[in-house]
Amino acid sequence: MPKQIQDRASGLDTNSETDQQTKGETTMIRTNKTALLSTTTRIAGTLALITGMFAANPAFADISNTATVNGSFGGNPVTATSSQVDVPVATPDHNLDIAKAVFAAATQTSGTNASATDGGDTIVYRYTVTNSGNITETNVVINDAGPTFDGVAGTGSFTSGPTEVLGGSGTAASLAPGQTVIFEATYTLSDADAYRGAAAADPANSVVNNATADSDTFTMLVAEQATATTGIVPVASLSLVKNYSFTLDGGTASSADVGDVIAYTYSVTNTGNVPVSNIYISDTHEAGDPGAATFDSSAFAGPLGTSIGEWNIAVTTPASFGANSDDGADGTYETIGVGSTVQFTYYHEVTQAEFDAQ
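Under numbering that gives the first Met the number 0, read the sequence shown as residues 0 to 357, first letter to last.
Please keep in mind that the hints were generated in silico from the structure rather than gathered at the bench.
Backbone N, C-alpha and C fix where the C-beta goes; we use that ideal spot for every residue, glycine too.
Any given hint could be a false lead.
[Unchecked claim] The following label-pair restraints were derived from C-beta to C-beta distances:
1. 232 with 266: 51 to 59 angstroms
2. 178 with 322: 47 to 55 angstroms
3. 293 with 106: 35 to 43 angstroms
4. 276 with 152: 26 to 34 angstroms
5. 137 with 324: 56 to 64 angstroms
6. 87 with 108: 20 to 28 angstroms
7. 172 with 224: 16 to 24 angstroms
8. 224 with 135: 17 to 25 angstroms
9. 313 with 224: 23 to 31 angstroms
Turn these sequences into a full structure, and let the hints steer you where they fit.
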């Protein structure tokens with residue numbers, strides 16, 4: 000029948016089976032026992048073999064195992080002197096490493112402007128977390144406050160994530176030592192984000208994002224955070240809408256006659272994501288005709304006005320980002336901010352030569 004042997008290392012009683020063979024005055028004893036060590040101990044007249052394993056608990060600084068051997072010879076008890084073995088155990092190490100990358104750079108297709116990055120466009124980030132310790136970590140999460148644009152905190156938001164995606168060797172719920180888990184997040188830009196990034200001194204590296212990873216038992220220091228850097232492509236773009244009206248209509252109503260004064264208007268809008276400077280109008284009438292007239296605002300030295308042969312400039316829509324600026328001295332506008340519309344107006348009197356050329 001199995002006997003109970005107490006293991007002082009584990010504090011548990013384990014079953015053992017003892018086979019005895021007696022020949023003359025020698026007794027052979029074989030014992031199978033759950034223990035930490037594999038040990039062969041020989042005592043005069045008795046051969047005992049003890050084998051076993053004990054799972055190490057990393058919370059222990061070391062494991063102490065004390066063993067005794069009891070037997071009999073000639074009806075008298077034989078007891079071996081106790082021996083103790085201390086097995087060192089590695090110190091528990093909770094640690095995570097994080098690597099972050101831009102999985103998809105800022106788009107130009109999700110926002111309102113298909114030709115430039117603006118509000119509504121997105122950046123996709125990917126985070127790879129590795130358990131570099133020796134303890135399984137549970138419930139791994141990503142901490143990400145969002146990117147900065149030219150040093151200013153973004154005013155957009157994460158519209159998805161960070162959430163776990165396929166591709167890691169472990170999971171966020173249970174990440175064993177050496178395993179990795181992958182997360183992704185999508186950040187949607189605001190108009191201000193796009194402008195600050197594109198108009199920065201170094202637009203290619205203007206978007207900086209930091210992140211850390213934590214678990215139930217580990218909190219990552221800020222100094223250990225991962226950083227991903229990307230940029231916003233600056234796009235300088237203008238649109239032009241031309242129109243006219245009569246300020247003096249002395250002949251046929253709503254038709255040009257000699258002596259009529261036509262106000263040509265040119266509405267210029269900054270449709271890019273950076274301010275545009277030194278804007279002027281060049282308008283050639285009846286191209287290819289030797290008598291064609293060209294209206295060139297850059298050739299107008301000023302002052303601005305509404306008389307015949309003069310140019311006038313007015314802001315009809317203020318800038319969303321980047322201030323408009325103009326000295327008002329000539330027909331060139333110094334700077335148009337993002338989203339702003341500036342209207343140029345030229346006042347022209349219809350001549351007899353123009354009328355005859357029709």
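Inset, instruction - Could you tell me which of the hints above the structure violates, numbers in ascending order? - result: 1, 6, 9
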